Amino acid sequence: MSIEIVNISKLFGSFKALKDVNLMIPSGELVALLGPSGCGKTTLLRIIAGLESPDSGSILFNGEEATQRHVGERKIGFVFQHYALFRHMTVFENVAFGLRVKERKIRPNKEQIKSKVFELLRLIQLDHLSEKYPAQLSGGQRQRVALARALAVEPQVLLLDEPFGALDAKVRLELRRWLRRLHDEIQVTSIFVTHDQEEALEVSDLVVVMNEGKVEQIGTPEEVYNHPATPFTFDFLGNVNLFRGRVHKELEPLRDVELVMPKNIGASDAPVVGYVRSHDIEVGREPIDNASYKAEVLHVHAIGPVVKVELFLCETKETVEVELSRTVSRKLALQKGETVFARPRKLRVFSP
Amino acid sequence: MQPARISTKGSQRPHKAGMDEPRAVRWLMIGVALLFLGLFLLIPLAAVFSQALEKGLSVYLAAIREPDAISAIQLTVVAAAVSVPLNMYFGIMAAWAIAKFEFPGKSLLITMIDLPFTVSPIISGMVYVLIFGLQGWFGSWLNDHDIKIIFAVPGIILATVFVTFPFVARELIPLMESQGREEEEAALTLGASGLKTFFLVTLPNIKWGLLYGVILCNARAMGEFGAVSVVSGHIRGSTNTIPLHVEILYNEYNFAAAFAVASLLAMLALVTLAIKSLVEWKMREEV
Numbered sequence: 001m002s003i004e005i006v007n008i009s010k011l012f013g014s015f016k017a018l019k020d021v022n023l024m025i026p027s028g029e030l031v032a033l034l035g036p037s038g039c040g041k042t043t044l045l046r047i048i049a050g051l052e053s054p055d056s057g058s059i060l061f062n063g064e065e066a067t068q069r070h071v072g073e074r075k076i077g078f079v080f081q082h083y084a085l086f087r088h089m090t091v092f093e094n095v096a097f098g099l100r101v102k103e104r105k106i107r108p109n110k111e112q113i114k115s116k117v118f119e120l121l122r123l124i125q126l127d128h129l130s131e132k133y134p135a136q137l138s139g140g141q142r143q144r145v146a147l148a149r150a151l152a153v154e155p156q157v158l159l160l161d162e163p164f165g166a167l168d169a170k171v172r173l174e175l176r177r178w179l180r181r182l183h184d185e186i187q188v189t190s191i192f193v194t195h196d197q198e199e200a201l202e203v204s205d206l207v208v209v210m211n212e213g214k215v216e217q218i219g220t221p222e223e224v225y226n227h228p229a230t231p232f233t234f235d236f237l238g239n240v241n242l243f244r245g246r247v248h249k250e251l252e253p254l255r256d257v258e259l260v261m262p263k264n265i266g267a268s269d270a271p272v273v274g275y276v277r278s279h280d281i282e283v284g285r286e287p288i289d290n291a292s293y294k295a296e297v298l299h300v301h302a303i304g305p306v307v308k309v310e311l312f313l314c315e316t317k318e319t320v321e322v323e324l325s326r327t328v329s330r331k332l333a334l335q336k337g338e339t340v341f342a343r344p345r346k347l348r349v350f351s352p
Numbered sequence: 001m002q003p004a005r006i007s008t009k010g011s012q013r014p015h016k017a018g019m020d021e022p023r024a025v026r027w028l029m030i031g032v033a034l035l036f037l038g039l040f041l042l043i044p045l046a047a048v049f050s051q052a053l054e055k056g057l058s059v060y061l062a063a064i065r066e067p068d069a070i071s072a073i074q075l076t077v078v079a080a081a082v083s084v085p086l087n088m089y090f091g092i093m094a095a096w097a098i099a100k101f102e103f104p105g106k107s108l109l110i111t112m113i114d115l116p117f118t119v120s121p122i123i124s125g126m127v128y129v130l131i132f133g134l135q136g137w138f139g140s141w142l143n144d145h146d147i148k149i150i151f152a153v154p155g156i157i158l159a160t161v162f163v164t165f166p167f168v169a170r171e172l173i174p175l176m177e178s179q180g181r182e183e184e185e186a187a188l189t190l191g192a193s194g195l196k197t198f199f200l201v202t203l204p205n206i207k208w209g210l211l212y213g214v215i216l217c218n219a220r221a222m223g224e225f226g227a228v229s230v231v232s233g234h235i236r237g238s239t240n241t242i243p244l245h246v247e248i249l250y251n252e253y254n255f256a257a258a259f260a261v262a263s264l265l266a267m268l269a270l271v272t273l274a275i276k277s278l279v280e281w282k283m284r285e286e287v
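Protein chains in written order, with our numbering: chain H, 1 to 352; chain D, 1 to 287.
Simulated from the structure, these hints should not be mistaken for lab results. Computed from a predicted model, the values in this text were never measured in an experiment. Hints are not guaranteed to be accurate.
As the list claims (entries may be wrong) - Here are the computed distance ranges between Cβ atoms for each label pair:
id, chain 1, residue 1, chain 2, residue 2, range
1, D, 153, H, 109, 50 to 58 Å
2, H, 299, D, 22, 44 to 52 Å
3, D, 24, H, 299, 53 to 61 Å
4, H, 132, D, 105, 38 to 46 Å
5, H, 65, D, 283, 42 to 50 Å
6, H, 299, D, 97, 42 to 50 Å
7, H, 316, D, 100, 49 to 57 Å
8, D, 199, H, 132, 21 to 29 Å
Every residue gets a Cβ at the ideal spot worked out from N, C-alpha and C, and that includes glycine.
Start from the sequences, fold in the hints, and give me the full structure.
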């Protein structure tokens with residue numbers, strides 16, 4: 001089922017949580033709503049679910065107007081960050097809940113409910129725990145039960161609100177991959193909210209980057225990471241170093257430097273900022289061309305898979321962090337206090 | 001190389017030096033608490049029972065079986081039987097609205113719920129006399145229609161409802177607030193109606209808190225003196241509750257009978273405490 005979000009706005013008191021958001025969620029895809037706390041992603045998810053109502057705008061399910069529909073009639077499955085399992089019911093009863101509260105006419109009988117519940121429990125590999133209570137389960141198990149419960153009513157959309165936020169790092173990794181595999185198997189349109197860019201990039205088919213109630217960029221994980229459209233997106237999805245400079249009228253093509261410039265860069269001598277990833281900077285003892293910036297070595301952090309070098313750019317008085325492979329770093333043998341030259345290989349330029 | 005040896009000489013049970021009070025202080029504090037308990041609780045309780053049985057079991061039973069005493073017991077039970085369910089219903093509704101929703105006037109409602117606690121019971125009773133009494137707002141209208149509220153059973157019930165108003169609500173509000181809305185939201189997303197959500201999800205989650213509130217409400221309903229005294233009129237055999245009857249017997253110097261009837265309230269207190277402890281234990285188990 002496809003979802004269309006049209007001009008949705010939402011105010012909480014005087015705080016604008018969502019400002020005229022427009023979005024198209026294709027059917028069957030796993031979509032991530034990614035952004036920092038307070039950007040409106042959870043509010044948007046809850047509006048889609050029907051747990052909040054927008055102040056203006058509309059939601060369309062498969063092209064049909066659904067804004068006024070009651071939450072129970074939207075055929076959605078919702079998974080909460082803190083599981084929200086019914087604490088007084090066993091795992092079986094939790095998963096069976098959606099089926100048991102159906103109206104008498106359409107309610108399946110006991111046998112059908114039992115087989116459906118166990119089918120789902122087998123899917124999440126927790127059929128041996130059907131008689132346990134939520135308090136007796138680990139966080140990861142609880143979240144899987146919450147997922148099974150949501151799937152029991154065969155929703156057309158699965159909505160997950162920071163589903164792995166309350167779990168520890170290792171479990172988070174396992175479950176996020178498990179979610180991807182599950183999605184590949186059942187192919188339900190799914191939208192999940194996260195502030196963890198790694199999670200969004202690894203799991204989803206489509207990433208919606210949000211900030212301050214607006215959509216910054218929509219694209220595949222590859223598009224959004226490698227071709228960020230705005231400074232915010234660049235910064236949020238990975239590290240960023242700033243190289244400030246000015247526009248020169250004649251841009252001589254610099255050898256092996258990739259420069260991505262906005263179309264309307266403005267007058268000559270206009271100030272600009274180049275956004276560069278730490279692994280796109282090379283360091284040498286001699287300047288090569290105009291792209292080499294003189295810098296002082298502040299710190300060399302040689303622990304871990306890459307060596308992180310902190311440099312102080314003499315001209316712009318800014319600090320950058322460079323990631324070098326261990327091999328390169330060993331060859332350079334940088335010392336604290338040395339003068340070197342930093343040369344960005346790939347810049348995305350924005351007006352400041 | 002010799003393995004390191006840990007000397008156990010001189011160390012007794014492990015103790016968190018930084019956190020414990022010295023033993024003497026601990027015993028002193030426990031001693032004071034027990035003294036308080038003994039002085040203000042146990043001795044009076046023991047006195048009630050010993051005075052009640054002073055003249056023997058037959059006198060005790062006769063005092064309780066006496067017609068005025070029986071009608072007092074009946075009236076007490078009726079007052080409780082009406083006010084407890086009413087306040088239970090109100091308490092659940094108010095706690096549910098306050099804990100799960102935002103609405104204008106919410107803080108006002110919370111303040112009003114606490115009102116019967118802050119007002120002296122005598123004033124609570126007086127208020128009803130001022131409204132429904134002969135010189136009161138509705139006095140003449142009630143008189144014309146021959147409806148008796150003050151100095152009759154309805155007045156007693158009203159006063160009892162008022163003073164036991166907050167108990168269930170005050171118990172449920174923090175409980176429901178701490179439980180949050182997520183389980184209810186989950187139930188709604190799964191297609192349950194509001195009513196089904198309430199009975200299948202909300203109610204089981206609050207059952208111990210509800211029981212706790214109800215038994216406190218009941219204890220107060222049966223034991224209320226001040227407010228009921230003002231509206232009652234003290235008409236023997238018809239508008240006396242157990243506490244009022246005890247007062248009458250005591251004022252007539254009929255101590256054995258007074259304490260005999262009072263021992264009924266004392267037993268109610270003990271039963272209430274027992275149920276309360278059970279509920280507290282159950283609630284702790286759940287957390």
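Which of the numbered hints above does this structure break?
6
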